Each structure stands twice: as C-alpha cells, then as structure tokens.
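Residue numbers (the UniProt record's numbering), protein chains in the order written: chain A, 1 to 463; chain B, 1 to 403.
Hints were generated in silico from the structure; no laboratory data involved.
Just so it is clear, the structure is predicted and the values come from calculations on it, not from any experiment.
Part of the chain A face toward chain B, derived, beta carbon under 10 angstroms:
id: 1; residue: D285
id: 2; residue: Q290
id: 3; residue: K311
id: 4; residue: T313
id: 5; residue: A317
id: 6; residue: W391
id: 7; residue: P394
id: 8; residue: H402
id: 9; residue: E408
id: 10; residue: S423
id: 11; residue: L424
id: 12; residue: T434
id: 13; residue: C443
id: 14; residue: G445
id: 15; residue: Q457
Cβ coordinates follow ideal geometry from the N, Cα and C atoms, glycine included.
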Amino acid sequence: MPHSAPSPDRYDIAIIGAGVVGCALARSFAMAGARVVVLEKAHDILDGASKGNSAILHTGFDAPTGSLEAACVAAGHAEYLEIRERLGLPLLTSGALVIAWSDEEEAALPGLMEQARSNGVTDIEYLDGPALREAEPGLGAEARAAFRVPREYLIDPWSAPLAYLTQAIAHGADVRRRCEVTGGAFNGTDWTLKTSQGPVRTSSVINAAGLYGDRIDDLLLGRTDFTIKPRKGQFIVYDKPAFDLARHILLPVPTKVTKGIVVCRTIWGNLLVGPTAEEQNSRTDAGLHQPTLEALKARGQEILPALAHHKVTALYAGLRPATEEKHYRISKHPENMITVGGIRSTGLSAALGIAQHVRKLWEDERAPDWIAPEPVWPSVPNIAETAPRDWQSPGHGGVLCHCEMVTEREIRAALNGPLPAQSLAGLKRRTRVTMGRCQGYYCAGALARLTKGKLSQPMTADD
Amino acid sequence: MTDLPAEIDVVIVGAGPAGLAAATVIAQGGGCRVVVLDREGQAGGVPRHCSHSPYGLREFRRLMTGPSYAKTLVEKAKSAGVVIHTGVNVTRLLPGPTIEVTSDAGPATIRARAVLLATGARETTRAERLIGGTKPQGVLSTGALQLLLETGQKPFHRPVILGTELVAFSALLSCRLAGIKPVAMIEPSDTVTARWPTGLFPRLQGTPLLKNTQISQIDGQAHVTGVQLSTGRTLQTDGLIVSGRFQPDAPLLARSPIRADPDTGGPEIDQFGRCSEAGYFAAGNLLRAVETAGWSWSEGRAIGAAIHAYLNDGLPADPGQRIRRSGPISALVPQRIAPGPALGLSSLQLRVGTALTGRLSLLSDGSVIAGKTLRSRPERRILLPLPQAGTGPEVRLEPRGSR
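Modelling step: build the complete structure from the supplied sequences, incorporating the hints.
Here it is, written out as structure tokens:
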C-alpha cells in the first residue's frame, strides 16, 4: 500500500491545512505524481472553515462575472459531477430558486438572471407568482417571483473532501494531523518547515490554511497581502420530517456581503436554515447566540410557514475565512510557495476547480518531472439518504445511533482505514453518529465504549 | 436468539416498562404469540440506567433500584411466554399492520394482528432549546449521562444540572453515586418543577439551587469550561446536564399512516390505546412524556388487556368522538373516547403549559359531571375520570390568573 511506505526525505509539495481546499489540492498533486504531505494542526481534517457550511454545490451563477472565483466554481462543479460516482459521493439534484420577497428584490431579478447568463449559467428560468407556488407550494405568502437555477445541487460537505484526501493517500500522499507549522526557512531550492512533529523538507509549499492563511504567509514569508476577517454563519438543522417541506434550495436575493439566509434540504434527509453573516475578529469562536438563533428560526418560518410545527435537531456555526476584499486571494510567491487564501463561502463548490487552477499555476513555472501513477478510485462509505445505507445490508453489527441509523460496522470502519477518525467531531463527520434528534441521549454510552482508546481527543474525562 | 417471525399475533415495539407489562398481560391471557422488539442490546428500557431507588413499589410492593426492576420486568415477561428480540430497529410502520425492521441479520418485514408502540420518551436537547455558546464535549442529557455511568465512564467531574423535574434529581443522585459533584442546579422559573422529593432533599445539600435563572451561553472549546447565566454570573464547570422536558420519541410516526397528536407529539389514541390506523396501539411515555416507570407499567397492563380483548373478542370498530376542550390545556390523553367494554385507560390525563390556578371541569352533553380546583405546573400529571362514549365529552379549564 502506498500510504504505508516510509516518508520520503523530501516532499515535492507540502500543503498546509486539511480543509476542503487542502484535500482537493492534495488529490490533484498526488494524482499528478507529486510526493505530497498534508500538514493539519487539528486532531482531524475539516476542523476549521470546512466544518460548517450549507453543503450546496453552486454553479457560480451569482459570482462576480469574469472572476477567478466564477471560473473555479464552474470548474469545481463540473469536476465533482464527473468524479463523484467513482468516489461513491452523493448528489441531490434539487435545483435552486432565487426568490424575491419584496418589490425591490423582484426588480433585482432580471439583473441577477443576466449575471447568471454572463457566468455561463444559461439554463435558468423565470417563475412568476403562480409558477413559483406550483414549484414550491409551502412558501410563505410574501414570496413574489423567482428564477430557477436547475444545476444548484446538494452534496455531502464532509464525505467529499474525505474522498479527495483518501484518493490522495491512495496515490502516496502523507497526511499528518496534530501537526502545526510553527516556522520555516527557504534555502533557494527547498523549504524546511518547522512543525510540532519535527522538520519537514519540501520543494514547494501551498498555504491552504483557511482561517490562518494570513498568519502562515506571515510566518513563512514575513509578509502577507491580505488579512483574514472571519465571518460567522449560524445554522439551524430541522429533523427529518421537515425534509419534505421544500424541493429546491431556497435562496434569497443576495446582497453585496452575503448570499443571505438559505433554506434547503440536506443529503442526510434534514432541512437547514442559515447562515447568518457576522463579522468578528476571533478565528476560533464559532459560538452560537440564542437571540440570533431565535431570529433565524423566525426567518425560516416566514420562508416556510410549516416549519413552525417541526423540531430542531441541531445547531452549528461555521467561520468563513473572508478577507478585506471579496475575491479569492490566490498568489504565487518567488519562494516556491503558493497561497490559496480568502476562499470565503464557495470553497466546497470551488475546491476541485481551485486545485486545477493551482496545479496550472505551479506547472506554468516549471515542467514537473513527476510520473503520474495509474489512477485509483477508492470509494468512501455512503452516509447519504440518496443511496442505500449500511443498515440496509446484513452483518452491520446492529444500529448504534438510532436517530441517524449509524451502524456499529460503520463506526468501526471510520475508526480504521487509511484516515481513521481521531476526534469525536471527526467521527461524527464521517458517520453522523450522535448528530440526530436525540444528540446522544441513546447512543453516548455505547459510542464511548466503542471509541475507548481510539481517539486522540477522548469522549470521557477519565481517559 | 431465535429468528424474527415473518408473521405473529402481537409485536410490541419497545422493551421498557409499558411494553413489557403489556406483553406479559397479553401472553398471560393466552392464545397469542407475542414478541417484543427493542433496538438496544438489552431489554428493560430506561430504568436499566437508573442505578438508584425508588422503583417497583406500585408493581412489586418492593423497593428496588432501576436495573433490578428492569430485570424483574424482563423475567416476568419471559416466564409468561413472551419472546424478546434485542438489537432490532423498527424502520417503518405500514398498514396491515406490517412493520419493517433491521438487525444484524439485515432488513426484514413482520406482519402482525396487532402492533403496540411503546417507544418511550427522550429529553429535549440543548439544540432544541437554542442554548447559545460553543459546542464542546460534556453537554449531555440525563439519559446519555446514565448510559455513560452505567459502563463506568465519567464524562465530567463538576457539572451544572439544568432543570428541576424529577429526572434532574435522578441525574443528581446518579452523579453522587458515581462520585461526581454537581456545582449547581439551574431552574428558569421561580419554583422547582418536581413535587418536592423531600426524601431526597438532604442529598441536595451541597448543590445550590439557582431559581429564575437561565443558561445564556456555554463556554469551552474541546470541553466545557463554564456556563454563563442570565443573571450575569459565570459558573466554572466541566459539564452541563440538560435535563427533562421529555417528549415522545415518535419519529416513526412521521412517514406512517398513524395520525400524530400535535399537542403531545405522540400518536392520537382512544381509551383502548388504539391509534388511527387499524391494528396499531400505543402505551407509555410515547403518549405524552413523561411519567414514572410505575405509571407506564400500569398503562401497559391496561392497554395490554384491551389488545387481548381486541384479538379474542374484537373491539367495536367505531372510532368514537374526540374529546373537546377549552382553556389553557396543553395536552390531553386519550384524545378520543370510543364505545366498548370497560377496558384500557381508566382516567383522562391532562397537562398545562404554564403554572396556573383554575377550575377544571369535565362536561358530558353540556353538563358538568366532574370538577376540581387546579393548582398545577408544567410537566405534572392532572387526572379526571374517563367520560362515557357518545356523550359529547368536553374538558374545560378556566384559569384564575396565573401565578
């Protein structure tokens, strides 16, 4: 197995950060034949900006026309569709509606439709009031008109990057978790990165550190051309019966700052409402705020009045690594380093496209002498409701998490393999265990028993 | 373990006090094959995890701990001829009644003459209460806490307990027995919700009770480090037990033919425990959340007797009348009264949503047949006699100002 081979003395590419962008980059370079190492300071991958988003695969219809972001989102969307079946990744082909709720918003629709067409998203369709009601009978009475974006889809925000990184590992990439980069020196040819697990030698460095992108630039280059201004987004997840309340992704008319509050289904059979957009200085505080959540709940009920009769399953908040400017901050430095910064809110959609772009940036500089291995396609376990689940086949060892129907076999698989879960959060993202309506009321005991001694961040105070 | 049957007389979903009591009564009545399914690895339900007294007084006239009580219920059922299958999840309820299940053996379908739903209740989570702050480890329901303690795992050493229902005192006792010292109990209202458990009072010494207090924020990254209170105070703590506000564990109803009662969240039933779909019955905390194990047990016996009659002599198909109601009543069980023999539930159970005083009346054909002055609080049981079928029953609550 390639991933059990001894670490090389010197890597071609060191990627700092195992968020969705880092995972897609690792996949792209490893499949091209580069010797790749991913350095992640958290206990597990996807622990920063990538842990909380709305799980939409965007078309880029509303991205600034002609921008790098628009190009990366379009390319990322296309590549996801191309590779997802081979990696076992799900897709909920919901489509989206951009809905006007006031006269001003209704007046803004034609401009937005024009922008979508300019961005190459030409399969859009205007819906007047009656057509909108027919498309989404559950909408609140204030909904005026909308346009449909058929190729806005829903995906699994954690299985996708996990699959990218698993494929990278299958092509020889190394992944080091709990490995914080604390410094580094470039000698004109190579980097020696100082990390919490000792020095790492590499030819090139890619900074995909998300919320710490500016700090890593500063640490390694002594300069940075942007500052991260974290933007928090809080979400409310409703229990599975609410899944039936909406078919499309219900988008508002976006403002300059944010895509606004979205109501959409999830690939796991829930319905979510969010995010807020709150600027803050902290890069770690993903705290929830009760009055904000109450307001979010009220807004959700204006969009879909029937939500008033549905139960909340979970709450979460994500931090988007925004900068002082709206556009992506991808730049190449003379010190064999590329910074991939400011990937605010379209990272999940754009990640594969960003990886294509960064590969090209890197190869423009020099023709690599890598030999691309025969591609392999490791499949990740399916935890989406769009395909048969593990509990539907024999030998699953029993259902451990009854709300999300997670089996013992799924937990054991997630605790083993090439990239085992190392924290409860990581295990939840891989399996959805404890993420359902009871939030661990029934399964906490069995889960603690099953994971004992397996997680670097244990569940109980005694470990 | 024997294989699951493809066809059977009675399937009982949930091996807690209500389900086991009903199974035992039906099997003892004779002439029926009864299986009980439970998704947990062991039968017995919630009492299995409550390592303290008092259990069993009503049922066995003995003072027992939760686990020994659960064991007794299981033994009684087995000796009556009931077959119990654990590790089986019911995944869907279909007309018939037919149910879909999964276990380690894979998915299966069971056709029955009667199905009793006794899936119990669970506590309302931090998420449903929209409590703010971070999401560290160490925020648990009482149920999760007791599951962890049962296997000797301590999630924290000095937690805060939110809530003062009976279950909060159960959490407190479980903590004490495990050597965990709660630093405070928090109650949003001005009084303790549980009828004061005087016998437990001394044990509360050392854990201050903070009334008129809410939790505004949870602090901590990996683990809980503190909770901020609505009073402005911050408590240093390494855990939070979010206790009580039980609700029926009824997700199976969502995509089933069975009508749910929007007030209780459980199935709508008549006094026989019959649901809106033929052949389905319900009993225990699924009906209204939450009562004691002893209450659920006697409810299981009563509805079990009705199921036995249904299978042997039949019950009238007439679904009867909905009980009308007026005033601030938050829930009513049963919701319907049907004609038939004197079996099943023997009283009406009511709940109120806020603490209040008032006059509670039961009307039959427009005239008052029973009444009482009410002083009640949320989560407390209020009883009225069961009205006769076909008399246009109505429950009326006239508040005299809330206190």
